[in-house]
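A.B. asks: Quick note: the sequence shown, position 75, residue 75 per the working numbering, numbers continuous.
One or more of the hints may lead you astray.
Stated by the list, open to error - Below, in silico cross-link-like pairs of lysine-lysine (DSS-like), each with a Cα-Cα straight-line distance of 25 Å or less:
1. Lys153 <-> Lys47
2. Lys132 <-> Lys54
3. Lys80 <-> Lys188
4. Lys188 <-> Lys153
5. Lys153 <-> Lys54
6. Lys54 <-> Lys107
7. Lys49 <-> Lys153
8. Lys132 <-> Lys47
9. Lys49 <-> Lys188
To be verified - Just the calculated beta-carbon pair ranges, DEER-fashion:
10. Ser219 <-> Ser44: 28 to 34 Å
11. Ala53 <-> Gln23: 34 to 40 Å
12. Thr131 <-> Val28: 21 to 27 Å
13. Lys54 <-> Ser204: 44 to 50 Å
14. Arg166 <-> Lys188: 23 to 29 Å
15. Gly106 <-> Gly165: 22 to 28 Å
16. Glu240 <-> Ala53: 33 to 39 Å
17. Pro105 <-> Ile32: 39 to 45 Å
18. Gly106 <-> Pro29: 31 to 37 Å
19. Glu240 <-> Ile181: 32 to 38 Å
Don't read these hints as lab results, they were simulated from the structure.
These figures come from a predicted structure and were not determined experimentally.
The beta carbon of each residue, even a glycine, is placed where N, CA and C say it ideally should be.
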Amino acid sequence: MKRIRSKIEKARSQGLFRTLEVQFNRFVPPWIFRYSKGDIYDLSIQKLKSLGAKTRPDDRLIVRCLGPDSDENARTALRKFTWNSVPIKTTCNDIGYAVYDADDPGKLLAGLWAAPESFLENNLGVRFEFTKEQAWLYCAFVHADARGRGVYKRLISFAAADLEGRGFSQLLGIVQPWNRISRMMHEKQSRGIVGRMAAVRIGSLIWVSSIGNVIVDRSLITNPEDRPATVRVGRDCWREVGAKPGNILGDWIGRARVAKPF
Numbered sequence: 001m002k003r004i005r006s007k008i009e010k011a012r013s014q015g016l017f018r019t020l021e022v023q024f025n026r027f028v029p030p031w032i033f034r035y036s037k038g039d040i041y042d043l044s045i046q047k048l049k050s051l052g053a054k055t056r057p058d059d060r061l062i063v064r065c066l067g068p069d070s071d072e073n074a075r076t077a078l079r080k081f082t083w084n085s086v087p088i089k090t091t092c093n094d095i096g097y098a099v100y101d102a103d104d105p106g107k108l109l110a111g112l113w114a115a116p117e118s119f120l121e122n123n124l125g126v127r128f129e130f131t132k133e134q135a136w137l138y139c140a141f142v143h144a145d146a147r148g149r150g151v152y153k154r155l156i157s158f159a160a161a162d163l164e165g166r167g168f169s170q171l172l173g174i175v176q177p178w179n180r181i182s183r184m185m186h187e188k189q190s191r192g193i194v195g196r197m198a199a200v201r202i203g204s205l206i207w208v209s210s211i212g213n214v215i216v217d218r219s220l221i222t223n224p225e226d227r228p229a230t231v232r233v234g235r236d237c238w239r240e241v242g243a244k245p246g247n248i249l250g251d252w253i254g255r256a257r258v259a260k261p262f
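With the hints as constraints, model all of the structure from the sequences given.
C.D. replies: Here it is, written out as structure tokens:
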């Protein structure tokens, strides 16, 4: 009964659509059907760094950066821990951040990835390409046993400071409107919403579209593995945080903007 109650509480906190999405994606292969829609947030580096000051200095946490030159076994363990289902080649040059338990240094408590050049969303047939000032945050995960200890605050503040030190001035992340917990966190720590994009995959056919300052080079993809669509994100905000995210299909249909090929 305790386990069932825990799952019910988790579903309530995540939201109905987020819970259904997780279960659907777990059992239905991406080559059959996928749908995704998300707002792209311009995260405030200063706000993210300030979260570290709100954690206890004696929290018994170890935060590490696992860059491309780090131990590959540690990077592989972080990939598995964060449920990174994208191809390994996507994270070859990406920067990983991990939180370990000081009392058990081999135990991962939380993880996060940052893509500095490009990010391939293989299941949806799109490749994000970034400028040298942009970094893409993805696959953040905190173990259930570590929640409520300020672990994510330590993780994201450490990552933001490290990325700033590497020369990145714009940190980006995408959140689906029905992922309530993640949306609330991003709204608090962002400067605004840069744009919105959506994609529907049925078999090998994918339809991609965007609005705001998010540009996709073509809307119809017929060969996603060999020729994904290219997506670029601007620096200017499209909407203030707190704007209504829209329903599942929402304002995507009928108001989508597709740019000419680059």
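A.B. asks: Take the hints in turn and mark each one as holding or not.
C.D. replies: Outcome of the hint check:
no.	hint	result
1	Lys153 <-> Lys47	holds, 11 Å
2	Lys132 <-> Lys54	violated, 30 Å
3	Lys80 <-> Lys188	violated, 28 Å
4	Lys188 <-> Lys153	holds, 13 Å
5	Lys153 <-> Lys54	holds, 8 Å
6	Lys54 <-> Lys107	holds, 23 Å
7	Lys49 <-> Lys153	holds, 9 Å
8	Lys132 <-> Lys47	holds, 21 Å
9	Lys49 <-> Lys188	holds, 13 Å
10	Ser219 <-> Ser44: 28 to 34 Å	holds, 32 Å
11	Ala53 <-> Gln23: 34 to 40 Å	holds, 38 Å
12	Thr131 <-> Val28: 21 to 27 Å	violated, 35 Å
13	Lys54 <-> Ser204: 44 to 50 Å	holds, 47 Å
14	Arg166 <-> Lys188: 23 to 29 Å	holds, 24 Å
15	Gly106 <-> Gly165: 22 to 28 Å	holds, 27 Å
16	Glu240 <-> Ala53: 33 to 39 Å	violated, 25 Å
17	Pro105 <-> Ile32: 39 to 45 Å	holds, 41 Å
18	Gly106 <-> Pro29: 31 to 37 Å	holds, 33 Å
19	Glu240 <-> Ile181: 32 to 38 Å	violated, 20 Å
Checked against the numbered hints above, the structure breaks hints 2, 3, 12, 16, 19 and satisfies the rest.
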